[in-house]
Structure formats: structure tokens, C-alpha cells
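Mind docking chain B on chain A? Use the hints.
One line per chain: the protein sequences are A and B, in this order. For reference, each letter of the first sequence is one residue, going 1 to 481 in our numbering. For reference, each letter of the second sequence is one residue, going 1 to 146 in our numbering.
Read the hints as simulated data drawn from the structure, not as lab findings. Some hints here could point you the wrong way.
What the hints assert, rightly or not - From the structure, some residues in chain A lie toward chain B, with a derived Cβ separation under 10 Å: (1) ASN162; (2) THR284; (3) LYS417; (4) ARG418; (5) LEU419; (6) ASP422.
What the hints assert, rightly or not - Listed below are the simulated DMTMM-like cross-link pairs for lysine to aspartate or glutamate, each with C-alpha atoms no more than 25 Å apart in a straight line: (7) LYS53(B) with ASP412(A); (8) LYS7(B) with GLU139(B); (9) LYS36(B) with ASP422(A); (10) LYS36(B) with GLU114(B); (11) LYS209(A) with GLU241(A); (12) LYS2(B) with ASP422(A); (13) LYS7(B) with GLU165(A); (14) LYS51(B) with ASP412(A); (15) LYS53(B) with ASP422(A); (16) LYS27(B) with GLU145(B); (17) LYS29(B) with GLU19(A); (18) LYS120(A) with ASP349(A); (19) LYS51(B) with GLU9(A); (20) LYS53(B) with GLU237(A); (21) LYS251(A) with GLU241(A); (22) LYS245(A) with GLU65(B); (23) LYS51(B) with ASP242(A); (24) LYS33(B) with GLU19(A); (25) LYS116(B) with GLU18(B); (26) LYS191(A) with GLU9(A); (27) LYS36(B) with GLU16(A); (28) LYS36(B) with ASP14(A); (29) LYS245(A) with ASP349(A); (30) LYS120(A) with GLU19(A); (31) LYS33(B) with ASP14(A); (32) LYS245(A) with ASP269(A); (33) LYS7(B) with GLU426(A); (34) LYS17(A) with GLU9(B); (35) LYS51(B) with GLU426(A); (36) LYS7(B) with GLU241(A).
Claimed, not checked - Computed Cβ-Cβ distance ranges for the label pairs, DEER-style: (37) HIS208(A) with LYS127(B): 49 to 55 Å; (38) PRO187(A) with LYS127(B): 50 to 56 Å; (39) GLY131(A) with PHE5(B): 16 to 22 Å; (40) GLY29(A) with ARG144(B): 36 to 42 Å.
We treat Cβ as the ideally placed atom computed from N, Cα and C, and that holds for glycine.
Below are the chains, spelled out letter by letter.
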Amino acid sequence: MCIRQCAFEGHSYDPEKNEVISKEDVCVGCHRCVTLCPTNALTIRQTPLDFRANANWTARAIRDIIKQSETGGVLLTGMGNDRPYPIYWDHLLINASQVTNPSIDPLREPMELRTYLGRKPERLELDGNGGNYRPKEPLPPQLKLETPILFSAMSYGAISYNACESLARSAHALGIYYNTGEGGLHPNLYKYGKNTIVQVASGRFGVHKEYLDAAAAIEIKIGQGAKPGIGGHLPGEKVVEDISKTRMIPKGTDALSPAPQHDIYSIEDLRMLIYALKEATQYTKPISVKIAAVHNSAAIASGMVRAGADIIALDGFRGGTGAAPTVIRDNVGIPIELALASVDQRLRDEGIRHQASIVVAGGFRNSADIFKAIALGADAVYIGTSALIAMGCHVCQKCYTGNCNWGIATQDPYLEKRLNPDIATERLINLIHAWSHEIKEMLGGMGINAVESLRGNRLALRGIGLTDTELDILKVLPAGR
Amino acid sequence: MKRIFVKEEVCIGCRLCEIHCVVEHSKSKNIIKAFKDENPRILPRIFVEEKGKVSFGLQCRHCEEPYCLEACMSGALYKDEKTGAVLHNREQCVGCWMCVMVCPYGVIRRDLNEKKIASKCDLCLGKEIPVCVARCPNEALEYREV
Numbered sequence: 001m002c003i004r005q006c007a008f009e010g011h012s013y014d015p016e017k018n019e020v021i022s023k024e025d026v027c028v029g030c031h032r033c034v035t036l037c038p039t040n041a042l043t044i045r046q047t048p049l050d051f052r053a054n055a056n057w058t059a060r061a062i063r064d065i066i067k068q069s070e071t072g073g074v075l076l077t078g079m080g081n082d083r084p085y086p087i088y089w090d091h092l093l094i095n096a097s098q099v100t101n102p103s104i105d106p107l108r109e110p111m112e113l114r115t116y117l118g119r120k121p122e123r124l125e126l127d128g129n130g131g132n133y134r135p136k137e138p139l140p141p142q143l144k145l146e147t148p149i150l151f152s153a154m155s156y157g158a159i160s161y162n163a164c165e166s167l168a169r170s171a172h173a174l175g176i177y178y179n180t181g182e183g184g185l186h187p188n189l190y191k192y193g194k195n196t197i198v199q200v201a202s203g204r205f206g207v208h209k210e211y212l213d214a215a216a217a218i219e220i221k222i223g224q225g226a227k228p229g230i231g232g233h234l235p236g237e238k239v240v241e242d243i244s245k246t247r248m249i250p251k252g253t254d255a256l257s258p259a260p261q262h263d264i265y266s267i268e269d270l271r272m273l274i275y276a277l278k279e280a281t282q283y284t285k286p287i288s289v290k291i292a293a294v295h296n297s298a299a300i301a302s303g304m305v306r307a308g309a310d311i312i313a314l315d316g317f318r319g320g321t322g323a324a325p326t327v328i329r330d331n332v333g334i335p336i337e338l339a340l341a342s343v344d345q346r347l348r349d350e351g352i353r354h355q356a357s358i359v360v361a362g363g364f365r366n367s368a369d370i371f372k373a374i375a376l377g378a379d380a381v382y383i384g385t386s387a388l389i390a391m392g393c394h395v396c397q398k399c400y401t402g403n404c405n406w407g408i409a410t411q412d413p414y415l416e417k418r419l420n421p422d423i424a425t426e427r428l429i430n431l432i433h434a435w436s437h438e439i440k441e442m443l444g445g446m447g448i449n450a451v452e453s454l455r456g457n458r459l460a461l462r463g464i465g466l467t468d469t470e471l472d473i474l475k476v477l478p479a480g481r
Numbered sequence: 001m002k003r004i005f006v007k008e009e010v011c012i013g014c015r016l017c018e019i020h021c022v023v024e025h026s027k028s029k030n031i032i033k034a035f036k037d038e039n040p041r042i043l044p045r046i047f048v049e050e051k052g053k054v055s056f057g058l059q060c061r062h063c064e065e066p067y068c069l070e071a072c073m074s075g076a077l078y079k080d081e082k083t084g085a086v087l088h089n090r091e092q093c094v095g096c097w098m099c100v101m102v103c104p105y106g107v108i109r110r111d112l113n114e115k116k117i118a119s120k121c122d123l124c125l126g127k128e129i130p131v132c133v134a135r136c137p138n139e140a141l142e143y144r145e146v
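The following block holds chain B by itself, in its conformation from the complex:
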């Protein structure tokens, strides 16, 4: 089972991971269109936490026994059997935001446009390497076996 890990000693806080996450999950997959034309703009699923010189990108940890899955009252959050990733079904989500409350890492964000959760990392749905890992200019994100 592969997960994304961060090397905070080389994260430079540039937030290119956030930008490429938006592009990957956009309709057009084109950076100019995704940021200028698409409305509402997609939220990134990775967040760069920064204080002073320490920074790192954080996204859903795809826990073995996820709190969000237990808290979800509509069953919109489910575990993918093959990869063990925790995925989200937008149609089934009712926007109660209990998952947001219960996530110990705070990596689920609320989509205020449609009143449903929007951003939670989905490991780029089966891509060989998630785009945040592939596009980090300083190789601060690693995709490897747990």
C-alpha cells in the first residue's frame, strides 16, 4: 500500500503541489483555464502548513481505520479495496461536515459553494504517481510503501 510522505527539511513552501492538485482535479486539466475560467474554482486537496522556516505539505493520510469513515452518516466515505485509499462519493454526501470535525489532521475542507465536502486527497485516483509528488520542484514529497 503506497502513501504520500513529506520530507519537511526540503519543503520550500512554494505551494506548487497545491497548484498542480487543482489542475489535476479540474475539468479542463489546463492550468490557465483551471485558474482563470473555471468557476467555482476547485479547491486543492493538499495544504502547505508553514511557520517561520518550517513548512510541509499535508494531505489525507488514508488511515487504516479512518475516523471520518466512522463519522460519515450517509456512507459517502468509503475505503477502496485495492489501494486502501479513503475515497469520497459526492452524490451521496449530505454536507453534515462531521468528517471535517473528526479528522485529527484537519485535511478535509468544506466546499462552501455546494455545501458539501470538496477537497480530500484521493491519491489521484490510480495515477502511477500522484501529481503533487511528481511536480514538487525539490522532491519533498515521496510516494512509497508504508
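Only chain A is shown next, with the shape it has when bound in the complex:
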């Protein structure tokens, strides 16, 4: 069974010896064989090939040079930055009420997690009298989320159709949204359009009238956290018939998105595209703009809001990807925690924070990370890798090969069957329910009963093990003060 389950051909049967033998050097550590073995006979260990201990010339550094000398190529990898840069979420602590403010029990009292994403008006003028008030002007279009979590952009092509279907169905059941990524939208998924955010990326894959009409919101992708400054990459092995049709590109060709959007070379161009999309959809859908978190994110975000974006999506350097050059993934971009704090602060300082909602992404692992992000100013959080892990991913980082043994990052129909959309949908629903409940517990513990009271409330956090500069950027007091 392990023989059949490994797409990397790690196990094989030797009829002479009547034994199953394993090829250690091709194992990617995806745990498929381990999980399915009925006798728990398998386990995975790092192959013990120790180079002499050297903090500078690590095994990885040496192996990468050897590989590049052999091939002359760019080293590719999948998923998010795995280097040991600091994780600021692990240096932020949450408050709880004691004595001065009673805590609230989420199991016994109502708590509000509902979140609206979109441009909020400068002020609200109400018409009417008695108990019956209505706003004078219609509100700008909003996205309504039952909980402040959405599924991040993962393109059809990078992930399988079954994976896309699971994301769509669970978003629909949970009352949240999922993002198509730059792969276009498969016709069978149009029925979940009300829970779909479609992406208009630099390759404009699959962008046509019906695509824009079907969605609840449109996201212009300028960059993504895993590879700021360069475009998306879908290796040719994964461009099969259905992908070719949905993306509108020839079969078997590498789908390399251009680095910039070739009609956006300045902030004024961005404003033109935002308004072109607003006109095309009769101003009925919020337009989101997604950027990677880079050095001057605050200034860029300010420009984006003034250009007309209703939602800013910020993707930190831990964001995942199906395929990216390793050197870019591991070295370009900044942590989302710092980017979020500086963007939120800049928009508040300029008095335009209400003009756009901020959604953050990039390596959110649990409900505490999400809670802290909201406290730092986020309206909602996009989760990508976490959603894939819920569906079975073990983060082996080999998505770009198309040999995903879990049926997620593959277009091979034999492998794709392994992802049963019924099971995956249920697991995603379970995950979001669990996290929403945990967020309620943390809110209640702080004595607040609405996520709105947490949003941007830096006083709810304290920093631990951070330098003065980092505390200043995050605008968070040190624990003890």
C-alpha cells in the first residue's frame, strides 16, 4: 500500500527477496505512507548525513551550491519561508480581565464575531424618526463575514479542483469567503460565487466578463508575500486540459505571470484599473488590492487607499506558494506583524483608516495569531497554509513537482482522488469553528463581547522579549508596564 501511495516512488517491491524496500533519497517527508500504514510500521527521520558542524557553511548552503553547479538553474521550492526569522506573534501576549472588568463567558452570553470588509463612509446621516432610521446615502459595497477569517488566494492549478471545491463549499457553509488566486474560476464553482473573491493578477489568467460577474469582490494582485516583486509560477507539469481552459493558456506550458501588472506602472495607473473594475461591476462589489509586505508598505498602502481600494490585503513573508525561487522566498519581504502595525498606524495618522479594510496573510498558525493580528489593526485574516494542513498537507514543500500525495497540489487525476471534497470540507469547517470559538474565549477573557472592540486595540497586547524599536513600531507596551 505504501508503494502505491508514494508518487515519489519511495517504496518498491522486490519479488526476489519478497520484501518492500525504500529509497531514502527521494523521500520528501509528506507522511502519506506513515498515515495510511495499517500497522504504523513506518516513520520518517532526517537522513543522517552530517557535514562537519559549521554555523556558516550549513548542510543546506553546501547542498544548494552543489545542485546549482550541476544544473545551472534557479532553485525552486513550495510553501512559505522556513528560515528562523523572529515570529513576532510569539512575542506578543494577550490581556485578561481580573477584578476591574468582569470576563464574559462565550458559552452563556452572545458574542459578536461578524465583520464587514469594505470602504466605510466618512459619516453616517440618518433619515427617519421613531424607531425607524435608515441611512440617507446607500453604504459602499461590503463583504459580510460571520467570523474574521477568510481562505487565502490559492490558484486552481497550484491546487487541485477537489481542493478548490472544498474551499468553496466550506466558505459557503461558514459564511466567509475564499479567494480564487490567479488561476481563474472553474465553471462548476460559479455556484459558490457569493462566497468567492476573484483575483485579477498580472497574468490576467481566466479574467473575463462572467468571471467578474460571478464574484462577490475582486482583488487586484500586485504581489504576494512568498515572492515579492515577481509574478506567479505554475510549472508546465501542472497545466493540464482543465487548467489550460480555465486560465486560457496552452497546455503544458509554464504559466509565468509577469512581475508587474504591465498596465500598472504607477499609483495613478492603479487608480485607473480600480475604477475600471468598479465601472465594469457598476460599483456593486468591493475592490481589494493585494500587496506583499515590503519595506515601505505603509506609504504604498496609503497610496492604494487614496487610489480607491476598498480593501487592502497585506501578505507577509511567511505566505505560502506553489512554486517560488527559494532565494526570493527566504530573503525578500518583511514580517506581517511589523507591516500591519505600520500600515494601520499610518492610515490612522492620515485620517483615512476608515476608507479601506485591512486583511492580513502570511503564516497564521492558530487562533492566537489571528487574535493578535486583529489587536494590531487587521479587520480580518486570510489563512492559506493552515487551510491546506486541515485538508491533509504535511508541508513537505514539494508542491512545484505536482506529485502531492495528499491530492492537494497536483493535477494528476490518480493523486487528486485522494482528496475527498466531502471530508476536506468538513475538516475546514471544523477548523474555523474551533478557531472562532477560541477567539470568543479570548475576547470573553478580556471582558469584551465583540471583535469590533478588539480591532486596533494595541492596549490589549504586551510585548515580551522585544527591543525598544520593535515595541515602538508595533506601538505595544512591554509586559510589566
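Just chain B now, with coordinates in the frame of chain A:
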């Protein structure tokens, strides 16, 4: 009357159904002992048919009017009144294998050790859920009312 149905679009051809069928019908009910120590090894009652990317597990359909029952010359095959399952009495079987010839699904296998039929699904004899259904890792088998 509940029967086992397969969803071939999610069957991954892993054959865990066959493995757990063997364990359930073994003497020790322990997977290591059933496969390593028990001799002769029990045959599974479910068979995974596979060609290219299509695969599915197939077992006795427990037909309303079974051909095998009519063909059985010793009366070893009989219908259980409560569940409607077609069951097999090993003591009465003479090993003529007419049931094997006549089954339109080919789900009866010959036991070459004792020269009698060995494997035919028995719906796990009254268990709440047959083990193949319970242990399929991708929920490709369903146990439901006809």
C-alpha cells in the same frame, strides 16, 4: 435492508478495505498475527478493481434473487431472513464452485487450500458497520439503505 455501495470517484485503490476484511475474518483479529502467523491466510471478501486512474472495491451484492443460491447444489448458500444477506455454510459446501461460475459480478473466490469456497462477503455478520466501510481512509464505501 442495508447494502454496501462504492463511490468510485474517491476510491484511491489503497486496498485497506481488503486488509481490514482479512483481519476481521481472521482467528486472532490482530493485523500482525493475521498476516504473519496465521496459515493458511484468510482471503479478503472485497476486491479492488483497478485500471488506470479508475478504481473501486467490489464485494458480494447480496442480490434479491441470487444466482449463486439457485446454482448451489448442496444448499450451503442461504439467505438471512432479517438482513437479506446471502450467507455461506462452510460445513455444507462441497466445493463444486458452480456459484463462482454463475456470479455475474465475480465476487466469489475459490479457496484452493480446502477446495471449498472461502471468500464471499457476509456483511461482517451483523456488525453495526462492516469494517471495509468503517476503515476506508477516503470514505469511498457507504453502508446505507437500498
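Hint by hint, here is what the structure shows:
1. ASN162: 9 Å, holds
2. THR284: Violated. Min distance 37 Å.
3. LYS417: 5 Å, holds
4. ARG418: 5 Å, holds
5. LEU419: Holds - the Cβ of LEU419(A) comes within 10 Å of chain B, reaching about 8 Å at its closest.
6. ASP422: Check passed: Cβ of ASP422(A) comes within 6 Å of chain B, closer than 10 Å.
7. LYS53(B) with ASP412(A): 9 Å, holds
8. LYS7(B) with GLU139(B): 8 Å, holds
9. LYS36(B) with ASP422(A): 36 Å, violated
10. LYS36(B) with GLU114(B): 20 Å, holds
11. LYS209(A) with GLU241(A): Distance of about 22 Å is within 25 Å: holds.
12. LYS2(B) with ASP422(A): Since the Cα atoms of LYS2(B) and ASP422(A) sit roughly 22 Å apart, the hinted pair holds (cutoff 25 Å).
13. LYS7(B) with GLU165(A): 17 Å, holds
14. LYS51(B) with ASP412(A): 15 Å, holds
15. LYS53(B) with ASP422(A): Distance ~20 Å between LYS53(B) and ASP422(A) Cα, so the pair holds.
16. LYS27(B) with GLU145(B): 30 Å, violated
17. LYS29(B) with GLU19(A): 24 Å, holds
18. LYS120(A) with ASP349(A): Holds, at about 17 Å.
19. LYS51(B) with GLU9(A): 19 Å, holds
20. LYS53(B) with GLU237(A): 18 Å, holds
21. LYS251(A) with GLU241(A): 6 Å, holds
22. LYS245(A) with GLU65(B): 48 Å, violated
23. LYS51(B) with ASP242(A): Given pair LYS51(B), ASP242(A) holds - Cα atoms ~22 Å apart, limit 25 Å.
24. LYS33(B) with GLU19(A): 18 Å, holds
25. LYS116(B) with GLU18(B): With a Cα-Cα distance of about 20 Å, the restraint between LYS116(B) and GLU18(B) holds, given a limit of 25 Å.
26. LYS191(A) with GLU9(A): The hint is violated at about 38 Å.
27. LYS36(B) with GLU16(A): Status holds; Cα separation ~18 Å.
28. LYS36(B) with ASP14(A): 18 Å, holds
29. LYS245(A) with ASP349(A): At roughly 46 Å apart (the allowed maximum being 25 Å), ASP349(A) and LYS245(A) break the hint.
30. LYS120(A) with GLU19(A): Violated, at about 66 Å.
31. LYS33(B) with ASP14(A): 23 Å, holds
32. LYS245(A) with ASP269(A): With Cα atoms ~29 Å apart, LYS245(A) and ASP269(A) exceed 25 Å; violated.
33. LYS7(B) with GLU426(A): 18 Å, holds
34. LYS17(A) with GLU9(B): 35 Å, violated
35. LYS51(B) with GLU426(A): Violated: LYS51(B) and GLU426(A) sit about 30 Å apart, past 25 Å.
36. LYS7(B) with GLU241(A): With Cα atoms ~24 Å apart, LYS7(B) and GLU241(A) stay inside 25 Å; holds.
37. HIS208(A) with LYS127(B): 49 to 55 Å: About 53 Å separates the Cβ atoms of HIS208(A) and LYS127(B), which means 49 to 55 Å holds.
38. PRO187(A) with LYS127(B): 50 to 56 Å: 43 Å, violated
39. GLY131(A) with PHE5(B): 16 to 22 Å: Violated, since GLY131(A) and PHE5(B) (Cβ atoms, about 56 Å apart) do not stay within the stated range.
40. GLY29(A) with ARG144(B): 36 to 42 Å: 38 Å, holds
The earlier numbered hints that this structure contradicts are 2, 9, 16, 22, 26, 29, 30, 32, 34, 35, 38 and 39.
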